[in-house]
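We have chain L; now place chain P onto it with these hints.
2 protein chains.
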Amino acid sequence: MLYKEMTRAELLAEKEKYSHEYNLFKVKKLNLDMSRGKPSEGQIKETLGILNAMNPSTDYVTPSGINTLNYGCPDGLPECKELFSQILGVPAEKLYIGGNSSLALMFDYLMQCYAKGSSETSKPWIMQGEVYFLCPAPGYDRHFAIAEYLGIKMIPVKMTKDGPDMDQVEELVKNPAVKGMFCVPKYSNPTGVTYSDETVRRLASMKTADDFRIIWDNAYCIHDLFGREDKLLDMLSECEEAGNPSRAVEFASTSKISLSGAGVAVIAANEENLTYIKKRCARQTIGYDKANQYRHVLYYKDLAGVKKHMSILSDIISPRFEVVLNAFRAELSGLGIAEWSEPNGGYFINLNVMPGIATRVFGLCKEAGVKLTNVGATFPYGKDPDDTNIRIAPTFPSVEELSDATSLLIISIKLAALEKLLK
Amino acid sequence: MLYKEMTRAELLAEKEKYSHEYNLFKVKKLNLDMSRGKPSEGQIKETLGILNAMNPSTDYVTPSGINTLNYGCPDGLPECKELFSQILGVPAEKLYIGGNSSLALMFDYLMQCYAKGSSETSKPWIMQGEVYFLCPAPGYDRHFAIAEYLGIKMIPVKMTKDGPDMDQVEELVKNPAVKGMFCVPKYSNPTGVTYSDETVRRLASMKTADDFRIIWDNAYCIHDLFGREDKLLDMLSECEEAGNPSRAVEFASTSKISLSGAGVAVIAANEENLTYIKKRCARQTIGYDKANQYRHVLYYKDLAGVKKHMSILSDIISPRFEVVLNAFRAELSGLGIAEWSEPNGGYFINLNVMPGIATRVFGLCKEAGVKLTNVGATFPYGKDPDDTNIRIAPTFPSVEELSDATSLLIISIKLAALEKLLK
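Chains as they are written, first to last, in our numbering: chain L, 2 to 424; chain P, 2 to 424.
Next up, chain L with everything else stripped away, as it sits in the complex (with noise of 0.2 angstroms):
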């Protein structure tokens, strides 16, 4: 029954019954954090190989012919390069290898295009006026912070089931002061929305300013759940066709692959900026760590490698997944007031609840031992304008935990809104 249809009564005798669940909740003194999206002491053990990929027997010498150890190879071993090329479906000539970071490869590209431009003849961002970049939200906090810290506007785009509302979109890069965008096509982070056909190509053709630039940060290109698996269309292909060949700059690691803390980081970039990207880096460093990128190729030496590993590992997230969407669907369905997404993969299950009450159930939650992700950290500026989401991370903790951390959660939403309703 729908709690808005529910008697004042009925509200106060459901808000008795969850008051005292909540209570005994208390006592339990739980100490959980579904904050972040990390990875669990499972998929790191099922990882460890991966220390012993190099070792002191091992020839340190690529079949390419790299020393692997002594300075060289900026651009990353063209081994690397070729694993990368199979992930992502981007030709090997295409790929610049970083460190274990690709939000450092992002921050540091949208650094460049801000004091020196996107290209080689358009004008650094910094010089232009005031700028703006459409931020898909909910998204990822961690974008919002780098165009928050580079003084960059951003302007919240409505997400839907196929990605960004591109109507939405279309209008808005009309302003030549609109620079980019971002975006986590696939499992988005924290829609679990994967971009349909029709979203990517729209993006690869709409019309906006040369120096435009769409950040794709495809973080979960790989990352399937429950034997399903989503498809992305290569943006890099779509918006060469579109005669848009500059407009993407595509980021991905292994960061949730091999090791969260010792991943390798790539970008896919069309010629023009590859070669800018590379003119910078050149003086930036003499190259990445790249007995870590050798570790990576050794370990898993080919796409059917890592598939395989990404097999291994969805075996231990998707029951997490299913502990949290099944005590969803159980307790929360019919209700009216929280809606979740079901993603196919990816690292978050995105929930929105009664606006108007999602910092309540935050606040809930912590009292009980529970960490949610911020509420509003989702949103450009931290400001969810509704209240209403909330994004769990259930990667890190036990299947145990997280039923009674779902538990915890699902109780303190009834709460929230039944208090919300007999206001």
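It is possible that some hints are incorrect.
For chains that are exact copies, the list does not tell them apart, and a pair is met inside one copy or across any two.
Said to hold, decoys possible - Below, computed lysine-lysine pairings styled on PhoX-like, alpha-carbon distance capped at 25 angstroms:
1. K154 / K124
2. K208 / K154
3. K39 / K280
4. K367 / K18
5. K232 / K159
6. K279 / K384
7. K39 / K279
8. K280 / K384
9. K280 / K154
10. K280 / K372
11. K279 / K154
Derived by calculation from the structure, the hints in this document are not laboratory data.
Same frame as chain L, but now just chain P:
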């Protein structure tokens, strides 16, 4: 006998002799590289153990409780800070641990000053019109490349045996558009000079613009040779004592301690600078590779472990320096056509040939198969005003190869000098 005191007949006889010797060398078809400060295979082989310092059976949680393989601990492992604290003689709380490249940490810091200002309250350099950096020259070409990329105008400063010419520096920094200075204060690249106490104190206490920053690139902080050791004052303390605590930011790495391709880099700075740097870094990355940081901690343990390792490396490097220096002493002394450094550490021998012939010497060597550092590379904008400076990087070739290359170099210097004197 000084060449310039020879008669024309004597010069011609000398020239004939060395032309003949040069031609004998050309027949050998050498293919040697003395152009970059690269460790040799021997150095790498002595360091291979570090690859195994973390392996699947290693406890990957540090004594301080950090999981090295997951996200978190963005400033770097406390254990790694402790190791660098001992190496640099700087308290651990002043340190930030990065990836494998101190150049990247410098680039990112300069980019920060350029685009955001060198403190919370100061104007970005890019917004201040034309700005300048002092560049002790000969100096490190990669420093100059960063300044050039950012459009920061470089002013060369003469190097003396005690460091940069401080009279010149103190005069130049009176201009508030001078925003900083590059320094390699110990075993300077390429002069091998270690800054005297007086130089360090004058740098720390001179009057400059508030947003002036010294890039204190302590790349060769414990890179002693021949069992000798230069002493360098701690710049951060000197700046603090002089009442300019935010003036210098120090950088170092293990690129020439452990592995050039897979080392760990560090920033040392006072609280104001460090807070401001960390604020940016928190936007830039979730954290650098902690597995590699931990490898270094486990492999070296402490300063004694590092020093023991550096002494092994010195046994490999010192003989290479000796080969070159002995040949110079035997073949170039008393001719008045070349002067060279005899450093107590670092990676370079600095050679100044008769003004106007360095480019010719480079060409002669190249033609006979020996690659020297590009003439001019050691000066801002790649321009050596006197065409005199040649940076010798003796670490990479074998002792035998170096012996050949040095013989060729000496012959080339003599030939070029004779050509010039005979003009």
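Copy assignment of K154 with K124, given that the CA separation must stay at most 25 angstroms: both (18 angstroms within a copy, 20 angstroms between copies)
K279 and K154: within-copy, between-copy, both or neither at 25 angstroms Cα: between (27 angstroms within a copy, 22 angstroms between copies)
Within, between, both or neither, where K39 and K279 count as close if Cα-Cα is 25 angstroms or less: between (31 angstroms within a copy, 22 angstroms between copies)
25 angstroms Cα threshold - placement of K154 relative to K208: within (20 angstroms within a copy, 38 angstroms between copies)
K367 and K18: within-copy, between-copy, both or neither at 25 angstroms Cα: Close inside one copy (20 angstroms), not across copies (87 angstroms); limit 25 angstroms.
Intra/inter-copy verdict for K280 and K384 if alpha-carbon distance must be at most 25 angstroms: between (37 angstroms within a copy, 21 angstroms between copies)
Homo-oligomer pair classification [K372, K280; C-alpha up to 25 angstroms]: between (43 angstroms within a copy, 24 angstroms between copies)
Alpha-carbon proximity context of K39 and K280, limit 25 angstroms: between (33 angstroms within a copy, 22 angstroms between copies)
Alpha-carbon proximity context of K280 and K154, limit 25 angstroms: Between copies, since 19 angstroms is at most 25 angstroms while 27 angstroms is not.
Same-copy or cross-copy closeness of K232 to K159 [CA-CA at most 25 angstroms]: within (22 angstroms within a copy, 61 angstroms between copies)
Copy assignment of K279 with K384, given that the CA separation must stay at most 25 angstroms: between (36 angstroms within a copy, 24 angstroms between copies)
Violated hints for the displayed structure: none, as all numbered hints are satisfied.
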